[in-house]
Amino acid sequence: ELKVEQNPLFLSMQEGKNYTIYCNYSTTSDRLYWYRQDPGKSLESLFVLLSNGAVKQEGRLMASLDTKARLSTLHITAAVHDLSATYFCAVDLIQGAQKLVFGQGTRLTINP
Amino acid sequence: SAVISQKPSRDICQRGTSLTIQCQVDSQVTMMFWYRQQPGQSLTLIATANQGSEATYESGFVIDKFPISRPNLTFSTLTVSNLSPEDSSIYLCSSSPGGAPYEQYFGPGTRLTVT
Numbered sequence: 091e092l093k094v095e096q097n098p099l100f101l102s103m104q105e106g107k108n109y110t111i112y113c114n115y116s117t118t119s120d121r122l123y124w125y126r127q128d129p130g131k132s133l134e135s136l137f138v139l140l141s142n143g144a145v146k147q148e149g150r151l152m153a154s155l156d157t158k159a160r161l162s163t164l165h166i167t168a169a170v171h172d173l174s175a176t177y178f179c180a181v182d183l184i185q186g187a188q189k190l191v192f193g194q195g196t197r198l199t200i201n202p
Numbered sequence: 030s031a032v033i034s035q036k037p038s039r040d041i042c043q044r045g046t047s048l049t050i051q052c053q054v055d056s057q058v059t060m061m062f063w064y065r066q067q068p069g070q071s072l073t074l075i076a077t078a079n080q081g082s083e084a085t086y087e088s089g090f091v092i093d094k095f096p097i098s099r100p101n102l103t104f105s106t107l108t109v110s111n112l113s114p115e116d117s118s119i120y121l122c123s124s125s126p127g128g129a130p131y132e133q134y135f136g137p138g139t140r141l142t143v144t
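Protein sequences, first through last, are from chains A and B.
At position 105 of the first sequence the residue is numbered 195 (this note's numbering), and the sequence of numbers has no breaks.
At position 42 of the second sequence the residue is numbered 71 (this note's numbering), and the sequence of numbers has no breaks.
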């Protein structure tokens with residue numbers, strides 16, 4: 091059974107600081123997704139990482155994938171209040187089928 | 030990116046009744062999926078809706094409880110049958126056009142409350 095674990099589950103940080111959210115998964119997969127969810131809203135696609143060593147950046151967010159370690163990270167640089175949300179990582183249950191198994195989510199609060 | 034709409038956006042239903050949720054995508058897509066998000070929780074895949082064939086269900090979900098239709102490449106419905114309070118959740122459909130870059134987009138969700 092594929093398990094996806096995020097760490098931390100809750101994160102409160104100050105504006106301007108840097109931090110990293112970790113996503114570990116239990117079986118082989120070379121496709122990992124990051125989503126953002128605002129309260130009462132649906133999921134917004136942030137990144138799709140398709141291979142070992144993949145790195146993608148958008149604004150203050152950067153995601154990377156290490157398939158050998160079965161680890162992805164989402165790094166936040168110089169956080170701003172607008173980044174407050176819940177962040178989910180997800181992994182393909184069956185490679186190529188796009189049946190996603192989600193992590194528990196990381197609720198990020200950025201304080202002024 | 031695909032634009033996905035769902036109807037209804039929310040509903041309050043009585044125990045023992047059923048609710049059918051519609052999902053419409055603005056372009057033809059190969060794959061459509063249905064997920065459940067219980068209050069304060071993460072998302073769990075219910076089933077994959079395949080056009081022209083039966084839906085495939087994940088462990089813990091059965092067709093009698095969650096019948097799915099996929100009549101064409103832009104539309105799907107999920108019915109939640111014989112409702113109980115434990116079915117109170119947000120139900121989201123998602124779609125993927127297939128192929129690189131393998132994006133999967135989500136609809137706005139349907140918030141179901143069972144009383």
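Simulated from the structure, these hints should not be mistaken for laboratory data.
You may find that some hints are simply not true.
What the hints assert, rightly or not - Where chain B lies over chain A, by a calculated footprint (3+ residues, C-beta under 8 Å):
hint, segment
1, 120-131
2, 139-149
3, 154-164
4, 193-200
The beta-carbon is built from N, C-alpha and C at its ideal position, and this holds for glycine as well.
Outcome of the hint check:
no., hint, verdict
1, 120-131, "holds (count 4)"
2, 139-149, "violated (count 1)"
3, 154-164, "violated (count 0)"
4, 193-200, "holds (count 3)"
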